[in-house]
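Student: Now for the letters of each chain:
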Amino acid sequence: MSESKIKISNLHKAFGKKVVLDGVDLELRKGESLVVIGGSGTGKSVLIKCIQGLLTPDSGSILIDGEETVGADREQQAALHSKMGMLFQGGALFDSLTVWENVAFGLLENQKMPRKQAKTEAIRVLRQVGLAPDVADLSPSELSGGMQKRVSLARAIATKPEIIFFDEPTTGLDPIMAAVINDLIIESAKGLGATALTITHDMASARKIADRIAMLYKGKIIWEGTVKELDKTDNPYVLQFINGLSQGPIKVEI
Amino acid sequence: MANRIELFLRALGKPLVKFIASLGELTLFIAKSIYHCLTPPFYFKLMGRQFMDIGFYSLPVVGLTTIFAGMVIALQSYTGFARFGAESGVASVVLISVTRELAPALSGLMVAGRIGAAMAAEIGTMRVTEQIDALVTLSTNPFKYLVAPRIIAGVIVLPILVLIGDIIGIFGGYVVCVYKLGFNPANYINSTLQNLESLDIVTGVVKAAVFGFIITLMGCYNGYKSKGGAQGVGEATTNAVVSASILILVFNYIITELFFAK
Chain B
1 MSESKIKISN LHKAFGKKVV LDGVDLELRK GESLVVIGGS GTGKSVLIKC
51 IQGLLTPDSG SILIDGEETV GADREQQAAL HSKMGMLFQG GALFDSLTVW
101 ENVAFGLLEN QKMPRKQAKT EAIRVLRQVG LAPDVADLSP SELSGGMQKR
151 VSLARAIATK PEIIFFDEPT TGLDPIMAAV INDLIIESAK GLGATALTIT
201 HDMASARKIA DRIAMLYKGK IIWEGTVKEL DKTDNPYVLQ FINGLSQGPI
251 KVEI
Chain L
1 MANRIELFLR ALGKPLVKFI ASLGELTLFI AKSIYHCLTP PFYFKLMGRQ
51 FMDIGFYSLP VVGLTTIFAG MVIALQSYTG FARFGAESGV ASVVLISVTR
101 ELAPALSGLM VAGRIGAAMA AEIGTMRVTE QIDALVTLST NPFKYLVAPR
151 IIAGVIVLPI LVLIGDIIGI FGGYVVCVYK LGFNPANYIN STLQNLESLD
201 IVTGVVKAAV FGFIITLMGC YNGYKSKGGA QGVGEATTNA VVSASILILV
251 FNYIITELFF AK
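Line order of the protein sequences matches chains B and L. Its first residue numbered 1, the first sequence is counted upward by one per residue in our numbering. Its first residue numbered 1, the second sequence is counted upward by one per residue in our numbering.
If you are wondering where the hints come from, they were derived from the structure by calculation, not from laboratory data. Remember, predicted model here, so these are calculated numbers, not experimental data. Please note: incorrect hints may appear among the correct ones.
Calculated lysine-lysine pairs in the DSS-like style (CA-CA distance at most 27 Å, straight line) [to be verified]: (1) LYS160(B) - LYS208(B); (2) LYS144(L) - LYS160(B); (3) LYS225(L) - LYS17(B); (4) LYS18(B) - LYS225(L); (5) LYS45(L) - LYS17(B); (6) LYS144(L) - LYS83(B); (7) LYS227(L) - LYS17(B); (8) LYS83(B) - LYS14(L); (9) LYS45(L) - LYS112(B); (10) LYS180(L) - LYS32(L); (11) LYS112(B) - LYS144(L); (12) LYS144(L) - LYS116(B); (13) LYS45(L) - LYS116(B); (14) LYS30(B) - LYS17(B); (15) LYS18(B) - LYS14(L); (16) LYS14(L) - LYS17(B); (17) LYS116(B) - LYS160(B); (18) LYS112(B) - LYS32(L); (19) LYS18(L) - LYS18(B); (20) LYS30(B) - LYS208(B); (21) LYS227(L) - LYS218(B); (22) LYS18(B) - LYS227(L).
Partial list, computed: chain B residues near chain L (C-beta under 8 Å) [stated by the list, open to error]: (23) GLY16; (24) GLN52; (25) ALA78; (26) HIS81; (27) SER82; (28) MET86; (29) PHE88; (30) GLY90; (31) GLY106.
If the Cβ cut is set under 10 Å, some of the chain L residues that face chain B in the computed set are [to be verified]: (32) ILE20; (33) SER22; (34) ALA134.
Backbone N, C-alpha and C define an ideal beta-carbon position, used for all residues, glycine too.
Bound-form chain L, shown alone:
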C-alpha cells in the first residue's frame, strides 16, 4: 500500500516539479526582460524595425478584423433591439463593444498569430544556429539586442493599432446601419459622439498595452528557450501563439474586472 502511494506521489511529482521549474524560468525571463527594457543602451534602429513589423504591417489585418467586427455587432444588436423598438441603442452598443472589447481582443489575437509566431521562429532559429551565442561572444547582450526592442515596440505600438481599430470598427457599424438598415447618418454620428466616454477608450488602450507585452514576451521567451533544430523551432512557434492567445483572453477578463466590477 505504502509502495503504491509512493508511486503515485512520484508520478505526480515529476510533472509538478517540471511545471514549477518552467514557471520560475519564465518569471526570471520576465524580470530580466523588464530590467533590460528600462536600462541603456537602447537599440533604436532595431526598435524602429519592430515598430514597422508589429505596427505598420499589421494595419491591414487589424483593419479588416475590426471593420467586420463592427459590422456584425451593428447587425446583431439591430435584430435584437428592433424587437423592443430601441434601434437608437445600436450606435452606443457598437461604440462600447468595439472600444472596450472587440478592437483590443481581436487585434491582440490577430497580432499574436502574426507577430508572436514570427518572433518565436526568428529567435528560435537564432538559438539553434548558435546566433545567440555568437551575440554573446561579440559582447552584445541578447536581451538588450533581441528581447528589449521587441517588447518596447509591442507595448507602444499595440495601443496605437487599437486606437486605429476603434475608429475603423465604429466606421464598420456606421456603414451597416446607414447603408443597410437605413439609419439617418447625422443621428448615428450624433449618438455615437454623445455616448463616447474616455473610460471606454482608456480600458481598450490599457488592454492593448498589456496584450502587446504578452505577445512579444511569449514570442521571445518561446524562441529563446527553443532547442533541437527545426522541430524545436516549430514547437516554439506553436507555443508562442497558443500561450499568447490564452493569456490575452485571460487578461482581457482580468482587466475588464479591474475597471468595471464594482
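Okay, chain B solo, but in the shape it has when bound:
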C-alpha cells in the first residue's frame, strides 16, 4: 500500500489572469481510491486534465510510477494514456459508433484486437456493469442517462487500466442510480486493483467510494484524510462544505 502511483507537487495552472491551481500537492498510493472534493469552479476538472496531459500545467511536477509527465513527449504521453481510463462527466460516448464499439474502442484501436474477439470482450465488460448483451448494438443516444454512464464506465475499464479517473460520476443521476454507479466504481476499481482518482461534490458518493478524501479550495489542497477523520475534523472549510452551509469561511462568488 505504500508504493506511490501518482505524486503531484507544487502544480500551478492559470488561464490568463485567472489562477486555477495554485500549488497543488497530492499523492496517490497504488491501489487506493482518493476522492477530491470541492465546490464548482475550484479547479477539480483542471487537476485531472493536467494529470492526464489534456492540459499542460504552467509549472510543477506530476510523477506517475516515478516518471515525470509534465513536458513528456507524444510517445511517452501515449504510453501513459494506455495505463489510464477515464469516466467523463457527460459520458463522452462516441455517438457515431455503437455501444460495443465504444466499449471496445481502446481494444480495437490500440491493442488491435480482432473485431469478433473485441465484441465478445465488450459484451463481457457490459455485463460486468450490469447491462444486457442486447444493448451492444444500439447507438449511445438510444440509452438513458444512467445506462450511458454505465457504458462510459465499461469503456473506461475495458482496457484494464492501472489508473482510473472519475469525473463527477454521480452528477445528474437519481439517488438510486447514483448508488448503483458508486457500487460499480468500487467493484471495478477493486476488481482491477486499479488506483482511482474521483472528483465530485456529492458527499454521499465521496464517503462511499473513498479510501482517502482531499479537499481542493482556491487552487490548493486544504485538507486531506480518511473518511473517519473527515467526521472528526474541525477544519471550518471542510465542515462548511460537508454540511452544505451557506454561511462560513467559504464565500460563494456570485
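Position chain L against the provided structure of chain B, taking the given hints into account.
Tutor: Then chain L, alone, in the frame of chain B:
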C-alpha cells in the same frame, strides 16, 4: 495628448494581438494536420466514410449546380454572340467557363455549405461533449482519427466531383444550344471537342483539390476549437462556411492568376 495616443494604441493592440494569435493557431493547426495526413497510422475505414459523405452524397448538388450553370452560360453567351453573328463561339465559351471556373468554384461553394457546416458541427459537438478528450485518453490522436481522414478525402474527392461537374455542365450547355437555340448537335459536339484543351481541365482539377483542402480544413479547425456549448458549435458552423467560401473565391483568383497571367 500622450495619454490619448496610448489609449489609441491600446485599443488597436488588443484585437491585433488576438488576430495574430489566431493566425498562429491556424498555422499550427495546418502544420499538424498535414503532418498527420502524411504519417501512419491511416484510418482507411473512416476515410471511406468521408469519401461517401463528401463525394457520393454531394453528387446531386454538384450535378444540379453545374447543369444550370452550363445552361445559363450557353444562353447568355448566345445572346451576346448573336449580335456579331458569331454563334459558333458558344460551344467554346461554355467549355472554357465551365471547366476553368464554374464547375470548380460553384461545386466548391456548394460543398463548403454542405460539408464544411456538417464537419464543424460534428467535430464541435465532439469537442464540447468531451468526446475529443475521450479520444486522447483512449490513446488515439484526434488529428489522425478526425482531421486527417476528412482532409485526405476532401483533397481526393473534390477533383473527381469537379470532373463529373465538367461533363454535366457542358451537357447543360449542349441541351440549351441544341434543343432551345436550334444548333446542329454534331457541329456543337465537334467544336467542343476541337476546343478541348488539357490545361482547362487541369486548372479546374487543381482548383478543386485546393478547395477540398480549404473546405475540410476550415470545417475541422472551426469545429476543433469551438467551445461553450450549443452556441459555440453554432458559431463554429457559421465560421466554417463563411471562411471556406471566402477563401475559395480568393484562391480561385490566385490559382487562375498563376496559370493564365502571362
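Student: Next step is simple, just say for each hint if it's right about the structure.
Tutor: Do the hints match the structure? See the list:
Restraint check: the Cα-Cα separation between LYS160(B) and LYS208(B) comes to about 22 Å, which is no more than 27 Å; the hinted pair holds. A threshold of 27 Å between alpha carbons decides the hint, and for LYS144(L) with LYS160(B) the separation of about 24 Å falls inside it, so the pair holds. Restraint check for LYS225(L) and LYS17(B): the C-alpha separation of about 21 Å stays at or below 27 Å, so the hint holds. With a C-alpha separation of about 20 Å, the suggested pairing of LYS18(B) with LYS225(L) holds against the 27 Å cut-off.
For the given pair, LYS45(L) sits about 44 Å from LYS17(B) by alpha-carbon distance, which is inconsistent with the 27 Å threshold. With a C-alpha separation of about 21 Å, the suggested pair LYS144(L) and LYS83(B) falls inside the 27 Å cut-off, and the hint holds. Note on LYS227(L) and LYS17(B): the hinted pairing holds, with a Cα-Cα distance of about 19 Å set against a maximum of 27 Å. The suggested pairing of LYS83(B) with LYS14(L) is violated, with an alpha-carbon distance near 42 Å, which exceeds 27 Å.
Proposed proximity of LYS45(L) and LYS112(B) is supported: the alpha carbons are some 14 Å apart, at most 27 Å. Using a Cα cut-off of 27 Å, the hinted pair LYS180(L) and LYS32(L) is violated, with the two alpha carbons roughly 52 Å apart. The straight-line distance between the Cα atoms of LYS112(B) and LYS144(L) is roughly 16 Å, inside the 27 Å bound, and the hint therefore holds. For the hint pairing LYS144(L) with LYS116(B), the CA-to-CA distance comes to about 24 Å; that is within 27 Å, so the pair holds.
Distance restraint check for LYS45(L) and LYS116(B): the Cα-Cα separation of roughly 17 Å lies within the 27 Å cut-off, and the hinted pair is therefore satisfied. With a CA separation close to 35 Å, the supplied pair LYS30(B) and LYS17(B) exceeds the 27 Å bound. Between LYS18(B) and LYS14(L), the direct Cα distance comes to roughly 18 Å. Compliance with the 27 Å bound is thereby established for this hinted pair. For the given pair, LYS14(L) sits about 15 Å from LYS17(B) by alpha-carbon distance, which is consistent with the 27 Å threshold.
With a C-alpha separation of about 19 Å, the suggested pairing of LYS116(B) with LYS160(B) holds against the 27 Å cut-off. The straight-line distance between the Cα atoms of LYS112(B) and LYS32(L) is roughly 25 Å, inside the 27 Å bound, and the hint therefore holds. The suggested pairing of LYS18(L) with LYS18(B) holds, with an alpha-carbon distance near 18 Å, which does not exceed 27 Å. For the suggested pair LYS30(B) and LYS208(B), the alpha carbons sit about 19 Å apart, so the restraint of at most 27 Å is met.
Taking the CA atoms of LYS227(L) and LYS218(B), the gap is near 24 Å; set against the 27 Å cutoff, the hint holds. A hinted pair counts as satisfied when its Cα atoms are at most 27 Å apart, and LYS18(B) with LYS227(L) qualifies at roughly 18 Å. A least Cβ separation of about 12 Å between GLY16(B) and chain L goes past the 8 Å threshold, and the interface hint is therefore violated. Against a cut-off of 8 Å between C-beta atoms, the interface hint on GLN52(B) holds, since the closest Cβ of chain L lies about 6 Å away.
Because the beta carbon of ALA78(B) sits about 5 Å from the nearest beta carbon in chain L, less than 8 Å, this interface hint is met. The interface hint given for HIS81(B) is met, as the beta carbon of that residue sits about 4 Å from the closest beta carbon of chain L, less than 8 Å. Given hint, SER82(B) at the interface with chain L, holds; its Cβ is 5 Å from that chain's nearest Cβ, closer than 8 Å. Checking MET86(B) against chain L: minimum C-beta separation of about 4 Å stays under 8 Å; hint holds.
Look at PHE88(B): its Cβ gets to within about 5 Å of chain L, closer than 8 Å, so that hint holds up. Hint status for GLY90(B): holds, given a least beta-carbon distance of 6 Å to chain L, under 8 Å. The interface hint given for GLY106(B) is met, as the beta carbon of that residue sits about 5 Å from the closest beta carbon of chain L, less than 8 Å. A cut of 10 Å between beta carbons decides the hint on ILE20(L): the least distance to chain B is about 17 Å, and the hint is violated.
Hint on SER22(L) is violated. Least Cβ distance to chain B is approximately 15 Å, over the 10 Å limit. Annotation: interface hint on ALA134(L) holds; nearest CB of chain B at approximately 4 Å, less than 10 Å.
Checked against the numbered hints given earlier, the structure breaks hints 5, 8, 10, 14, 23, 32, 33 and satisfies all the rest.
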